[in-house]
Amino acid sequence: MTFLNAALGSLSLKNPIMAASGVFGYGLELAQFCPPESLGAVICKGVSLAPWPGNPGPRVVEAAGGLVNAIGLENMGVQAFVQKALNPLKDRGATVGANVIGRQMEEYAQVTEILSDTAVDFLELNVSCPNLAQGGLSFGADPDQAARLTEMAVKKAQGKPILVKLPPLVSDITLLAKKVEEAGATGLSLINTVPALVIDAKTRKAALGHITGGLSGQPIKPLALRQVYLAAQAVKIPIVGLGGIFTGLDAAEFIIAGASAVQIGTAILVDPKSPLRILAELKDYFISENIPDLASLRGTLKNPNA
Amino acid sequence: MTNQAQISLVPVKKIVGRGQGAFQLTIQAPPGDYADPGIFAKLRVLKGEFPLLDRPFSVHRFSPQTGELDFLFRVVGQGTEALAQCQPGDLIQITGPLGQGLLALDPNFAQKPIYLVAGGIGLAPMASLLQSQKEPATLFYGERLGQSLIDRDYINSWAPGFLATSEDGLGYGEKGRVTDLLTKALAEEKRNIFACGPIGLLAALSPLAKAHGVKYYASAEAFMACGLGVCLSCSRLTLDQTRLRLCQDGPTIDGLNFDWNKP
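Protein chains in written order, with the numbering used here: chain U, 1 to 306; chain D, 1001 to 1263.
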């Protein structure tokens, strides 16, 4: 399937389908449904310096045909991830991305430094989680802060490619994307979940223990496509698109909007085999539409009146 | 770190009403061992509308001899409504077996007399436990509203002599709470406890079991997205500060070492 080969800077991917952070555990848990080595990459659950406990439950609720979550980045910590999950994943031949989270810039720096000495193939800086009081979104919403964080991570990463995962709701996604590109990012992941609130009118209670959460799934696909499209006009670095991809045609739409690769999130929670199905459907699309390779489809959006 | 679960498509064999809004669904058993009480599966109806996520249900009964797997559920939303509309022959997508059962947690549990405590549709896994139980077992079953009580004859068919309560005193049960019955029984004879039901009930049983020095296992529930241990939606804490994923490290848990107060 070489016509579906993709690349993130110097890192080549066997196909453009990745498992998004947070829905594929630490990479091995769903292996009997979806072997991690069959994907372009798996991005493991966000890791911080020390383990984080996450938010009080309920942590997830369905709404508007999508999912709102406020897991709160519960994780085992970077050291445990490296010791328990990373080597078995690499032994299987998987391409592994580590999602990096932190409450302060210093924490991002330390986690990045630890990961730079491991077999991790690339890093994804999460500056866009809506479910943290400190860190996460508070970095990504401010272009200058996001740029400083990126610059720092690039210095610590010893040449490993760095994706920066951006938030969907910012006043100007192109400004944010440009600043992060200038700061040395290898690529961008667009978008993280959309800040959201679910209320039960009868009880007047919020559905989630954290009150607010992040909306994912099919309802956010048009929003995600637009941000990918705008960012792709503004920067030269590759963009990894995500947000409501459930089918091969969804993935194709993101590539048409300008993405070089895509991530599957909520669809994996619905069906852990879905990345393989989406990959097969994307392949069928390329064959039936007679498209020779990814680059021939990327950024080919047409005006309906042209 | 891997799951034993498989995703299978199996036909509905029977669906029988068991009281107001309550149904017993019998499907052809897919591959896998569903015998340990507390094991659950995710179900999805393939025809018509179904919500985004599969819905998790405790196994009600598992009969490898007849090749049947049963679930007992109450209609509470879109997913259970779709399930209730199923007809024999309709295909169900089942992901399972999932989670940890009671006998995986305590292999000797069934070798002593026990009390079973069921709150509401927490009745479901009790039949599975009684299938393998040789020692005396008494089932206490409570509903908030008497009208919600599941058919008495049906429960009697697998838990003869069970005792029921409802808080409004309507229906066939005694007026009161299921904990009242358990308190009385424990005063007469100490036995280990297995319970399933709302978190409030399960939490209330913990001090009771502690006071009487008996073992207490519960099948707990939480909203979950994946059911496969990856999303951490159902993560809870034990008293010794270990994180449990109810979908994988539970749903059967040691009720005496569980932080019932931290959501």
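Just to be clear, a hint being listed does not mean it is correct.
Unchecked claim - Computed cross-link-like contacts, DSSO-like style, restricted to lysine-lysine with a CA-CA straight-line distance of at most 27 angstroms: (1) U:Lys283 - U:Lys156; (2) U:Lys90 - U:Lys155; (3) D:Lys1047 - U:Lys273; (4) U:Lys202 - D:Lys1047; (5) U:Lys273 - U:Lys302; (6) U:Lys273 - U:Lys155; (7) U:Lys205 - D:Lys1262; (8) U:Lys273 - U:Lys90; (9) D:Lys1112 - D:Lys1047.
Unchecked claim - A partial selection of chain D residues facing chain U, derived with a Cβ cut-off under 8 angstroms: (10) Leu1046; (11) Gly1048; (12) Phe1050; (13) Pro1051; (14) Leu1052; (15) Gly1200; (16) Ala1225; (17) Cys1226; (18) Cys1231; (19) Leu1232; (20) Leu1239; (21) Asn1257; (22) Asn1261.
Hint data in this document are derived by calculation from the structure and do not stem from the laboratory.
Built from N, CA and C at the ideal position, the CB exists for glycine as well.
Taking each numbered hint in turn, which are not upheld by the structure, reported in ascending numerical order?
-> Violated: hints 1, 4, 5, 6, 9, 10, 11, 12, 15, 20, 21 and 22.
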